[in-house]
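Numbering (mature numbering (1 follows the signal peptide of the UniProt record, and there is no 0)), first residue to last: -23 to -1, 1 to 1082.
Please note that the accuracy of each hint is not assured.
[What the hints assert, rightly or not] Mimicking SDA-like on lysine to any residue, the simulated pairs with C-alpha atoms at most 20 Å apart in a straight line are:
{"hint": "1", "residue 1": "1004", "residue 2": "896"}
{"hint": "2", "residue 1": "133", "residue 2": "198"}
{"hint": "3", "residue 1": "520", "residue 2": "505"}
{"hint": "4", "residue 1": "440", "residue 2": "383"}
{"hint": "5", "residue 1": "692", "residue 2": "329"}
{"hint": "6", "residue 1": "243", "residue 2": "304"}
{"hint": "7", "residue 1": "1024", "residue 2": "1070"}
{"hint": "8", "residue 1": "1041", "residue 2": "1053"}
{"hint": "9", "residue 1": "698", "residue 2": "304"}
{"hint": "10", "residue 1": "552", "residue 2": "709"}
{"hint": "11", "residue 1": "520", "residue 2": "179"}
{"hint": "12", "residue 1": "273", "residue 2": "506"}
{"hint": "13", "residue 1": "290", "residue 2": "366"}
{"hint": "14", "residue 1": "290", "residue 2": "108"}
{"hint": "15", "residue 1": "985", "residue 2": "724"}
{"hint": "16", "residue 1": "432", "residue 2": "481"}
{"hint": "17", "residue 1": "1004", "residue 2": "709"}
{"hint": "18", "residue 1": "429", "residue 2": "552"}
{"hint": "19", "residue 1": "429", "residue 2": "467"}
{"hint": "20", "residue 1": "390", "residue 2": "329"}
{"hint": "21", "residue 1": "1027", "residue 2": "1007"}
{"hint": "22", "residue 1": "483", "residue 2": "505"}
{"hint": "23", "residue 1": "669", "residue 2": "692"}
No lab work stands behind these hints, which were simulated from the structure alone.
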Amino acid sequence: MKVRNPFLLLIMAIALLNNECTASGILDPKARTVKTGHPRTDAPITREFTPDQETDLPDDPYMNYMLWPHFHFSGTFRADVSTVNNNPSNYDTDNFVPADQLPGPGGFNPKGSGEWSVNGSVTHVCYADGHCVGDDEGDKRTEPIMGAPILDGGNKTFAKMVDLDSEAQLFSEIWGWRIRIGNIFSADYEPVPFQYIWTKMITSRGGDSTFGAAYQSVLSNIRWIDNANDSPFINQLRDAMEKENIDNKRLSIRLNVDMYHTDSKKSTFTMGRVTGTIGLQGWKSPPFFTLGRMMKSMSSHFQDTPFYVDQTKRKVFVDFGNSLPINANGSMDMRVVGELLLAVSLNTTPSLTCSDDLLWLGLIYNNFHNWYQNSAGVQVFPSIGSLSPDQMETLNQHPLVVAQVTGTWPVLKCEEIVMAEARDGIDIHPYTEWTFRKNPNERAHVQLIATKFGKPLPEVDVKLDPCNCDNIFSGGPKVGEPPLPDVPSQTKTDENGIATFDIEVKDPKNNRSFIDGQLYPFIYSVANQSTNCDNMCTNDTLKLLNSLIVILAWDSYSIKGAEPTWLDDVYPIFKQYANLYPVMTDNFVNLANYYDVLKHRKAIKMSLELPLSHPNHMPVTRDLSTSKRNAIVEWLSKEPVLGQPRKFYSVEHLREDLQIALQLEHSTIPPYLTALASIKGSYNLQIQSVLKTVIIQEMMHMALVANILNAVGGKPSLYSKDFIPHYPSRLPGGVQPDLIVPIEKMSLGLIRNIFMKIEQPVLELKQVSSFKHTFSFINRQKNMVEEGHCRKSDEGESCAEEKLRTMGYDRQTDEDPSSCFFVAGKEFDTDFQFRQLESVNHMMFKDNTETHTEPRRYFPGDDTRKIVRHHNTIGGFYNHILNALGNLTECGRNNSIFTGDPNRQVDFQHWSVHGHTLAVHNYFTAVEAIQDIIEQGEGSSPCNPVAWDTGKKKDLSHYFLFYSVAEKHEIQVAEATSPPYDNDDAATDDVVDFTKLCNGTYYFNGSKIPFDPEGVWPMVPNPRMSKYTAGSTAYRRAERFNQVYTKLLKSLEDVFNGHPDSLKDALGLMYSVDLHLRNLVGTPIDDNGDPDVGPNAGPPFDFTP
């Protein structure tokens, strides 16, 4: 109907009688039903119908999901995305800190798995002739696909949602998804980024839940399940797929996603709403866009809307699924939208305003109950009947619009045109993908298709221009930096309207530093369109996304030597992934841990070699270049794998390791300190004594490590946010990677399951032997020192300085005369370790009279046995440091690495043990310091509880102190006997019973160590400031504790960095920490609570300057 009055629309059925479509056909507001009377009050009249399988089958080469036959579905999706990689700076491994893995702004789900899944059901089915069945029409019992569940299909793991890049997070793709429609069929979804993202929840601004977006793709590798033959719709769909112009191997799919929840406290966390449509795919139809027409939004309250004009059926199919605003509960926001009508502008030069002459096609049903869930927003105009040939001719040459109207039916007033097609009808879209991952010298094959009122537009110029919009590609290094790919400025479309750009990618040469590769965004347009990157970037950022091609070009990567090694080539790559995706470390493998990688190397190699489309492909992010992947696979394939580069040991690496050791020693203090403070004053006194002893010695260990670090020219760092672990946490340095250390009140379970595991003795044969060997070597060399002396002669008095005699050599223990460690350069060679193990066992069981022509390959020690366990104990970490010290000093011959100022050494006599000074000035004193740490902590042997014996007193190691508490009895130490070397269980069991293994060298039959759980404050586990009400007593005391503890770290850093005399100030702060901590754990979280009942507050250990 042509309406000349732009302000008052008097719509009368009689005026429509001259059209082929009836009044209800144009204005009836209920889709796919025949109604009488008022369109909003009368119930629909249904009709029985059996679809004709032989007639009315479509054969349009540009067929897509919008056209019949198709079906709709709705439900929920889950996108458990990982968010640590949302911050580009987190890729910088040199400056990455554990705090970066905590939830925070933009990082709502740091331990996300990346998994994507859908749970929904089919809500509406339409056959090729337009007859439909659903909840509101037809007999849905006649169609088995109605109500069929929409699930994840196949036997593979969940699909993954992945961003193109940390700096391209608005290009999220779904990889490895196989969708299943009940017992009807399943198919693979082809990955593609979402499109048309916008603020869909207008009145609830803020947060990801307000956004909506759409995915359009194709389904391939379709598997039809046997009972699909019972479905008339599926039979018709499969028949139609055999038509000449229809793709017989793929279907078209469109998804609308919105209402994504990022509040981890809600049960809907990482979930959102999804609706969708699946239909036929024409063989010429673009896989990711509809080759039809597009109405652009004229207001921020709406989004662009695709539509397709069916020339055969003379109908318009419009998808409003991602175009209309919603309320917080998901319903259509009628307060913002109001009544909407679809129309065609009749003017030769349309203004696309209400002043245009408009031909009304019908009412949009956005205000009908469950319309969106049942139809996914797809609507057909007219709903009954067809447009006349004249109206079709008009529609094929004039833009389609959506008008916002007011008034009372049937008198309506046009208030605003809110969506409109371009006046000239020209539009352009990618014909295939618009994001690319490419290696240097590869080509990105970019195809764009230009159309005019839905028809391919040949011989028109299409251009690509760089578009480095900071509002899209922000937060990290600059994108689009040279060297730029070779891109023609423009090209012409062919007879099918397709413009092709073959873009060769160059090596970016690492111009984003810690992020691999470079992003190259380009804005595409038809040459005469006024599309401007800068203007859109500033004023319409999200709209700009709909006009971009983005190429991710990876850096060229070369290994540093002839063969890839762990430290030079693999570790720097894996460390970054371990930082960015803590879910891997928590559940599968710590990629930053050499031994953990070795343990899982077959699985890692398999995942790396899977196709990019496989859900188990590694890495999940699909951001590993081919050259890096090849280097890693080559390294994993070696037998044995190579651990160290040629220059494995350096002073710089040693300083880094010692800083980690400082963090490691400190990381045990907060849990030990909290357990001690949680014990009420006069309760459990023996356990309090044990904990106090351990805490004091751990403080001494920090001082020892700081002294070594100072001695080699380092600078101990304690006063920083990354120094304090964020409990519950793993231990620093990859130590005990399977152990999560909490902050909890005292319990026997905490002692046995956490504290004993922290202090677990070294069980690796090589490391036990190496410790014994190194410490024995030091003692031998100390005895070889010539004391300084003076003597008189005729020429006068002369004095000689203290010096080393020739180093001792024991063929029973030394691989070579100067060896102070196991074997230099073999630290990571597991095959070598196995040979050493065989050699040691051979020596232990062979006849001692046997003559050996080669040096014996074992080291002495009363605890050398067939024990092989996890390498990552604290002792194992210090064994690595001992090896570094030995290599860098030539076993003490060359102490040139000890360049530190001796005045920075902390020498606290009260902490000195069995005659050792704490000051470090050369190799021997550094080894003695480490010996103190090892023997006090883990102990000298898993079979010897005594850390050292002064003759007057036998002191237990931390491990056996905790063991005694767990066993509720003091330990009685007997003389060591021969260990059971033939005990095969010792080499295979995950849990070792030391009392059996060590053949009765100690017993837990001493005095009782009672534990009364009533003598422990009911403190909450793993406290957080967020658990306390701001202003409450618990909040104030927790905040004060954080401040005092942070101040202690600052004071200790001052002590360890040139002010050892200020140690007394730090000691005073230690007492203050204890005071505030005890006050805190005795404070109920509720101001009116009972501290004996709880729950009580606990220490968050937040860095609070």
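Each hint, compared with the structure:
For the hint pairing residue 1004 with residue 896, the CA-to-CA distance comes to about 43 Å; that exceeds 20 Å, so the pair is violated. Proposed proximity of residue 133 and residue 198 is supported: the alpha carbons are some 15 Å apart, at most 20 Å. With a C-alpha separation of about 19 Å, the suggested pair residue 520 and residue 505 falls inside the 20 Å cut-off, and the hint holds. Of the pairs offered as hints, the one joining residue 440 and residue 383 is violated, with about 42 Å between alpha carbons and a cut-off of 20 Å exceeded.
Only pairs whose Cα atoms come within 20 Å are accepted, and residue 692 paired with residue 329 is rejected, the gap being roughly 69 Å. With a C-alpha separation of about 19 Å, the suggested pairing of residue 243 with residue 304 holds against the 20 Å cut-off. Annotation: proposed proximity of residue 1024 to residue 1070 is violated, straight-line Cα distance about 32 Å (limit 20 Å). Of the pairs offered as hints, the one joining residue 1041 and residue 1053 holds, with about 19 Å between alpha carbons and a cut-off of 20 Å not exceeded.
Restraint check: the Cα-Cα separation between residue 698 and residue 304 comes to about 41 Å, which exceeds 20 Å; the hinted pair is violated. Between residue 552 and residue 709 the alpha-carbon distance is near 13 Å, which keeps this suggested pair within the 20 Å criterion. Between residue 520 and residue 179 the CA atoms are separated by roughly 16 Å; this keeps the pair inside 20 Å, and the hint holds. A threshold of 20 Å between alpha carbons decides the hint, and for residue 273 with residue 506 the separation of about 14 Å falls inside it, so the pair holds.
Between residue 290 and residue 366 the alpha-carbon distance is near 11 Å, which keeps this suggested pair within the 20 Å criterion. A hinted pair counts as satisfied when its Cα atoms are at most 20 Å apart, and residue 290 with residue 108 qualifies at roughly 13 Å. Distance hint between residue 985 and residue 724 is fulfilled; the C-alpha atoms sit about 16 Å from each other, no more than 20 Å. A threshold of 20 Å between alpha carbons decides the hint, and for residue 432 with residue 481 the separation of about 30 Å lies outside it, so the pair is violated.
The straight-line distance between the Cα atoms of residue 1004 and residue 709 is roughly 26 Å, outside the 20 Å bound, and the hint therefore fails. This hinted pair does not check out: residue 429 and residue 552 have alpha carbons roughly 51 Å apart, beyond 20 Å. Restraint check: the Cα-Cα separation between residue 429 and residue 467 comes to about 19 Å, which is no more than 20 Å; the hinted pair holds. With a C-alpha separation of about 16 Å, the suggested pair residue 390 and residue 329 falls inside the 20 Å cut-off, and the hint holds.
About 26 Å separates the Cα atoms of residue 1027 and residue 1007, which puts this hinted pair outside 20 Å; it is violated. The hinted pair formed by residue 483 and residue 505 fails the criterion: a straight-line CA distance of about 30 Å is larger than 20 Å. Under the criterion of a C-alpha separation no larger than 20 Å, the hint pairing residue 669 with residue 692 is inconsistent with the structure, at around 28 Å.
The earlier numbered hints that this structure contradicts are 1, 4, 5, 7, 9, 16, 17, 18, 21, 22 and 23.
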